[in-house]
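Participant: Sequence:
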Amino acid sequence: MTSFLRAAVLTAGLLPALAVAPSHAAEREPFEMVKDWEVERTVGDTSANPCLISKTYKDKEDNNAINGIVFALDGSNSALALVYQPWSWDKGETVKATLLAGKKILKKGVSWAGNAETLTAPFPDTIVPDLLSAKTITLRFEDGDAEFDISGFPQAYEALRRCDATPAKVAAAPAPAAPAPVAAAPVVAPPPGPAAAPAIPPAARIQAYAFGLILQRTMKECEVSTTGKQRSGVDAKVAALQPEMAPLEAQLREGMKTEGPKCPTAQEGDKFQSALADYLDKSPEDFSAAMDKKSAENAAKAAETPKP
Numbered sequence: 009m010t011s012f013l014r015a016a017v018l019t020a021g022l023l024p025a026l027a028v029a030p031s032h033a034a035e036r037e038p039f040e041m042v043k044d045w046e047v048e049r050t051v052g053d054t055s056a057n058p059c060l061i062s063k064t065y066k067d068k069e070d071n072n073a074i075n076g077i078v079f080a081l082d083g084s085n086s087a088l089a090l091v092y093q094p095w096s097w098d099k100g101e102t103v104k105a106t107l108l109a110g111k112k113i114l115k116k117g118v119s120w121a122g123n124a125e126t127l128t129a130p131f132p133d134t135i136v137p138d139l140l141s142a143k144t145i146t147l148r149f150e151d152g153d154a155e156f157d158i159s160g161f162p163q164a165y166e167a168l169r170r171c172d173a174t175p176a177k178v179a180a181a182p183a184p185a186a187p188a189p190v191a192a193a194p195v196v197a198p199p200p201g202p203a204a205a206p207a208i209p210p211a212a213r214i215q216a217y218a219f220g221l222i223l224q225r226t227m228k229e230c231e232v233s234t235t236g237k238q239r240s241g242v243d244a245k246v247a248a249l250q251p252e253m254a255p256l257e258a259q260l261r262e263g264m265k266t267e268g269p270k271c272p273t274a275q276e277g278d279k280f281q282s283a284l285a286d287y288l289d290k291s292p293e294d295f296s297a298a299m300d301k302k303s304a305e306n307a308a309k310a311a312e313t314p315k316p
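Converting from the sequence shown to our numbering requires adding 8 to each position, the first position being numbered 1.
Below, in silico cross-link-like pairs of lysine to aspartate or glutamate (EDC-like), each with a Cα-Cα straight-line distance of 16 Å or less:
id : residue 1 : residue 2
1  : K237      : D286
2  : K112      : D157
3  : K270      : E229
4  : K270      : E231
5  : K66       : E155
6  : K228      : D243
7  : K237      : D289
It should be emphasised that the hints constitute simulated quantities derived from the structure, not laboratory data.
Based on the provided sequences and hints, a complete structural model is requested.
Facilitator: As structure tokens, then:
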């Protein structure tokens, strides 16, 4: 059975990917088309990685089923979404599958977040060299494989980096108005244009915010021992992060309904207190990095443990 803390780490790691998945995408504008890949930029995103690349095609050997690949960078991390028309995952469903690039196993037992025809998961950007040298990526399930054609990825990735490096467009200053004729009617200012889409915050801060939501719900609904100071501290950290989470707030809270872990058991009390203390003591970035490290350690242990 999955422990509370392991489930919490997994949930907080997946919620950022769910929130920025294509189904929840902000407004985007085309940047370039390269080798059947479309490069797009999120309107109004001023982060270091405002762009993504995507490819869709019909598989003639599979009744023309539509396949899709979406890839984006986020600092030293990346997000990968795979679309396959016949899939019908429940929203928020966790799906285990090993990821291969060509014939090379990149990561065993990856936890993918399902949503209808899409599976999404975060990865370190260290997978990029293997993707650059592969023509296909494969998801290996217990009952079979799903293969995706990523030919042209090297050229698309190069375009992605160009897009990320391109400064956001700045609206041109309006031309000076011509002098109004004598006795002219008053000039009425045109209505303001649509506001730019708010920027998506870094994944590390989204992850820390998601874990804070988990802690809040756990302290409210579960029989865990906490002090008023601890509860106030968590509330303050969540409140400090909340303004920048506005573009994702609804998606994150919706994801919590299906992804959130159950209450910790009595045996998990010490681990819960340790995680709570870390959350209160560390910055969002440091806490998120510690979570990623813990998740990697758990995955390594799971891979080493022989199945019964």
